[in-house]
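This is what each chain is made of:
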Amino acid sequence: MNGGLSSLRSEAAGAMRTVLVSAESLQLTLKPELTQEEQALTQSGRKAKEAHTAGNEDLKEMLESNKESLKLEAMKRIVQLISKGKKSSDLFPAVVKNVASKNIELKKLVYVYLVRYAEEQQDLALLSISTFQRALKDPNQFIRASALRVLSSIRVPIIVPIMMLAIKEAASDLSPYVRKTSAHAIQKLYSLDADQKEHLIEVIEKLLKDKSTLVAGSVVMAFEEVCPDRIDLIHKNYRKLCNLLVDVEEWGQVVIINMLTRYARTQFTSPWKEDAVFDDNEKAFYDSDSEEKQGQKEAKPYIMDPDHRLLLRNTKPLLQSRNTAVVMAVAQLYWHLAPKHEVSIVTKSLVRLLRSHREVQYVVLENIATMSIQRKGMFEPYMKSFYVRSTDATHIKTLKLEILTNLANEANISTILREFQTYVKSQDKAFAAATIQAIGRCATNISEVTDTCLNGLVLLLSNRDETVVAESVVVIKKLLQTQPTQHSDIIKHMAKLFDNITVPMARASILWLMGEYCERVPKIAPDVLRKMAKSFTSEEDIVKLQTVNLAAKLYLTNSKQTKLLTQYILNLGKYDQNYDIRDRTRFIRQLIVPNEKSGTLNKYARRILLASKPAPVLESAFKGQLGQTPLPWTNEMDRDRFQLGTLSHSLNVKAAGYQELSDWPAVAPDPSVRNVEVIEPVREWAPSVGKAKQPKSDDKFYSDDEEKEEEGSGSGSEDSSSSSSGSSSSSEESGSESEEESSEESGKTSSDSGKSSSGSEASSSESEPEQKKKKRTKKATQRKSKQSAADSDSDENGSGPVGKTSSSSAESSSESDSEEDSDVDSPPPPSPPQKKTVAKTKPKVEVKTKKEVSLLDLDDFSPAPPSAPKSSVFSSSLLSDLEGLSLSNVSSAMQVTTPSFGPVKTYELLHHMTGKGFSAKYHFPRQPCLYQPSMVAVQVILTNSSDHSLEEIHIGDRSPASLNIHCFNTVERLEPGASVTVSMGIDFSDSTQAANFQLCTKEDQFSVSIQPAVGELLMPSTMTEPDFCNEQKKLMGMNETSASITMATANTSKQNISKQVLSVANVGVVSSGQNDLQRFAGRTVSSGALVLVTLELREASTALLTINTEKSVMASMLLRDLKQALSQS
Amino acid sequence: MIHSLFLAKEKAGDPENVAPVLQTPHHYLISIYRDKLFFVSVTQTEVPPLFVIEFLHRVADTFQDYFGECSESVIKDNTVTVYELLEEMLDNGFPLATESNVLKEMIRPPTILRSVVNTLTGGSNVGGTLPTGQLSNVPWRRVGVKYTNNEAYFDVIEEIDAILDKSGTTVFAEIQGVIEACVKLSGMPDLTLSFMNPRLLDDVSFHPCVRFKRWESERVLSFIPPDGNFRLLSYHVSSQNLVAIPVYVKQNISFLETGSCGRLDITIGPKQTMGKMVESLMVTIPMPKSVLNVNLIATQGTYTFDLSTKVLLWDIGKLNPQKLPNLRGSLSVQPGAPKPEENPSINIDLKIQQLAISGLKVSRLDMYGEKYKPFKGVKYVTKAGKFQVRT
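In order, the protein sequence lines correspond to chains A and B. Quick note on the working numbering: the first sequence kicks off at 9 and runs consecutively. Quick note on the working numbering: the second sequence kicks off at 824 and runs consecutively.
Worth double-checking, as some hints may not be accurate.
The calculated EDC-like cross-link candidates involving lysine to aspartate or glutamate, where the alpha carbons are at most 20 Å apart (straight line), are [stated by the list, open to error]:
no.	chain 1	residue 1	chain 2	residue 2
1	B	K1112	B	E1165
2	B	K1073	A	E1033
3	B	K1209	A	D436
4	B	K834	A	D436
5	B	K1133	A	D436
6	A	K392	B	E928
7	A	K1067	B	E928
8	B	K1162	A	D473
9	B	K1162	A	E474
10	A	K95	A	D146
11	B	K859	A	E210
12	A	K433	B	E982
13	A	K1067	A	D1084
14	A	K356	B	D988
15	A	K94	B	D900
16	A	K84	B	E911
17	B	K1112	A	E474
18	A	K110	B	D900
19	B	K989	A	D1035
20	B	K1209	A	E474
Covered stretches of chain A (chain B as the covering partner; in silico rule of three or more C-beta atoms under 8 Å from a C-beta of chain B) [as the list claims (entries may be wrong)]:
no.	segment
21	396-408
22	431-440
23	918-927
24	1009-1015
Hints were generated in silico from the structure; no laboratory data involved. Remember, predicted model here, so these are calculated numbers, not experimental data. Ideal placement from N, C-alpha and C gives every residue a C-beta, glycine not left out.
Put together the whole structure using the sequences plus the hints.
Following this line, the structure appears as structure tokens:
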């Protein structure tokens, strides 16, 4: 073992060399002490130093020779010396002479040397400066750039003015490569002489305007280093940076994205307001009068700044980058900037990163852990990606466990607990202990499983491993403390196990529990105390303390039985070696045993010792502390105070140079600061995205009328038609800018109209020269007006007398209109693979159709909040995006609901027509029911497709009245368009009789019924082939039902047969050695009667299907179902 | 400060368990562990950790690319090239050129022939001009590429990640794939690769050369390829498709309650192989620490048991469906040690040629922008990724 360690060590020492090489070249800390440390580590090097100074002589000779090859050889050897940490600074003069060499490789090696030793030999280094100055004027851009690079790396204060001059010149060089180098030089000069800041900022300002993608990343890096607080420098370049972003090299992308995240948090208002998603479709159909009132009543609705949207849209494609840092940067940008419902698009990409290197996994998991605390739903569909493998490193395991615990909820807890059971058995005991804590956390968070968890933990008490037992006791103690009422049997059980438990912490915990709840176990507690009195002297300190505690508590409650025992223990404690125990004993004695000296305190002894204690909180390590985590970050503060993806977040410590992410401003600063004279063609449509989501605000101003028209709410009234001409012209002219005005206006509610109108004038004149853009805009406007005409038509038809009350019906009618429209206008969407998909896709399609026409010109794929319902023409790209969306959606739903890899059928519970927009579907998740073993688990998806939110959804009367249902918790509120999955349990008592009950909302009640297929009343049962045969023999005769069936040709393969059978019935496959026999076994859920299915293949495609069970009715029904499934493909 | 890394390493026991981000009194250490080497970067200020980790991996990749392997001795032997490379890859802590194509134009990889020639002629292996890629808008490709045989090969490699439980039920399974390309085409070819069933691809990440817009709208890969080997695409197959598990494992590992021995019996058989041969089958079992030695008989292939790491490795080779390979025998356990709590998990490695298990198929490859007719080839391979059977 020792030998292994030391060899590891020497291997690491070798690796360290590499380490130093890279560390040093990163130059993040190029400090002299590095060399010293290095030398201290390699002492042999120091000893050999003498010998080498002699060796250096011949190197000098070689350097001074005329042959290039000799010089090169010498330089290579010198670099090797440097890499070994040996001193070669005495060669400095000889080396510097070669700085002007024509040989590029020689030159480069001289540069390496120079950069390393210039700070030590400042005077000599100056000799080389003139060579660099000459090279800065070289016609070859490569030489100019490398000269600047080395010049700026020489840390000699005297040459600061020369460097400054060189940087300024290079910043206006024709070659973007040289300009990039100058951006890097800025940081170097700044670290050498911070006094140059002002001049350097000037250069940064100039370079920020640069349009080359090469420069962008480097200059932003310089900006972050030198003047991260000068956010004003970014304004004019913001849009350019957003648009260039995709083409910038990957490292630059990371830096720019991080900077823009910070920028956006200071410049835009929060998109996280609750009403942001819903306010627009509610008001879309009011006529302008009522709308005006509405607008005034409501506090300013949220409108996303078009620039904000621009950033989100331009960063989205980068999620597909191969560079993990870029993906993480985009993910954190969405997390910190995007509206809540858009954040989830980053999930898939983050999960993808988990396939990458171990270190990447670690950082990504840390970030996911933080995210999953706040947003469970984001990662829940990917739960299985966080399953632990035995080969994972310990810190990865712990993080995965953490995430799984965060993701646990009512619906998936049984799956998670089953997974945890595997982990508890892990050979990695630290991990097993962490799992037990995680189970404890699940138990407190999800009240349904508290008992299950407790029972499971009690079972663990008989585990052979001490750490597991100890951890279980500690967690049980905490759990019991949270709900001590009904668990005296568990305490009794623990008392029984007490003799076998040796871990001090566990023993102490049990003693404490005894004492705390001694009144619940009045017979056992004194007995435990008696045992403890015997073994007191040989116990650990912590156990002794708790024994004293127990004695005191028993003395107070049951002094008759325990008085003598207590006194005996107190006497033992009095003479203990440990002063803590002596102290405690003295204190307890004074407190509980009345004597003349003790004053009033004695009266309160009972209240002091037996006060009810607050239960401990079991929560995430990422939020606070979680007992004893093996991780270094058990810190008192929340990790989520840091920006995701940062070093500070990873360490949970504020790192030097960390820039706080500011809170959203209450009022957005003037957005017009980002206007620039020259507008990039790419950007022209950007702002209309914001428009698409713009709810109407107060309309004092023509640009607002335009919105109204777009929203289709004008419905041909004179006022809007007159304004439409005006507004269309304005939209034509001002393109992006008019938008900003309106958003600005809404931001400040009552901003002075004078200012913004002048702004729009200016902007219209700005954009005038752009002919091309104008043309495109015109086209769009035409389409827009066509659109609005169509809309107003539908308005008139659908809701002639528009009133507030009928507005909802108007909306829904036009909604259906728009669906029809989309069918006509768009190429038919390719039929999704499954029937279920259709149902799933539909709501999505609706959302999309609600979007503005202008969106289509934009290729904007981000799922935006639904705005006014509108028909729209699908572009092919949008359509393909929809496919993608629907696919991913379904897959996520599938994952949640099918823990076994069998197909799941969904049934209708309540159609939205009968349910007045409220619909419900259900399926059988085929998981054991949590609530009662005799119940069948049912998951119900409640969807609100009406236009108002539904409240207090719960289950009402049931029939037959004896029907045993475990209801889901009342859903307080379901927003329009939203859906929620709830799980319930129904005891069908092994019959296919329908369970009838009422689904109630606050206003309505709907009678619904669930009729289970016979196959769903079963639970898979695992057994071996011999067992199966034995059981089958017992169920012959009356209990056997069989039929010969002809199977569809597609079904003859073994795999297909089992697929078909499993789709019909929830049974388990019994592995079999015979090829022509297939066996399945299950038990009925309520009574647990065995159901055995045998399928014997005969010639051609016939087969003999046999079912053995005592439930003959079920057998015949099951036979019928199976026959049907197998005979049709 | 490097000491603290070693301290952390000793504490963690296994170098794999060292946290990649560490804090020391004055510095932050961000490290990766690869090929038995630590690559460490030291920083004093805030920096996105992934930025550094990704870069360090690129450095290691580059060494691998240049020297064929990335080991301590190779790095020691090539210090000068390493210095030169790092010099080009970084400027003042900011990554500069990380594209292997660009780097190779500036610093030629060392070969024996070249070093001989260089010593004789005094030539150098450092390029004198700015790499053309650095400035163009296709930085990954150099101009003036010429081949006599123009060829483009694509390897579709899929890995099955799965966890199977005791009874053989799939707990978790997914398919991850990559397309590795080897493109040797002259000039500036513009390629389009399309699939028969692109909808299988659920989540993708691209080499920077792939045009994202084309993919979004048409689901085809359109790109100007880098010269030589590169990873074009990595993807994840949408999880709604059932994952075919190519083999099944019948296992019985048990330790006797008393006494110092245990039994092991493993049989592997084909399950869903789509009619293809399973090759390079290998079984790895990390045994509990209390197992002293094993005494087994394999009907096919050979097994080894590493006494220090307690890893049992069974190299089977081709899987013969007629005669299933079986490994059985006894395990000797340290006397007196308690019976291991959990049976060890079984890791399986395998390879199936000419099959992409997800069913993904390339339909065609078109080339634009150049006149010649390239030779094209697509190969499919399925491998086991993190394929684990719990026992």
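(request) Output the numbers, in ascending order, of every earlier hint that fails for this structure. (result) 6, 7, 10, 11, 12, 14, 18, 20, 23, 24
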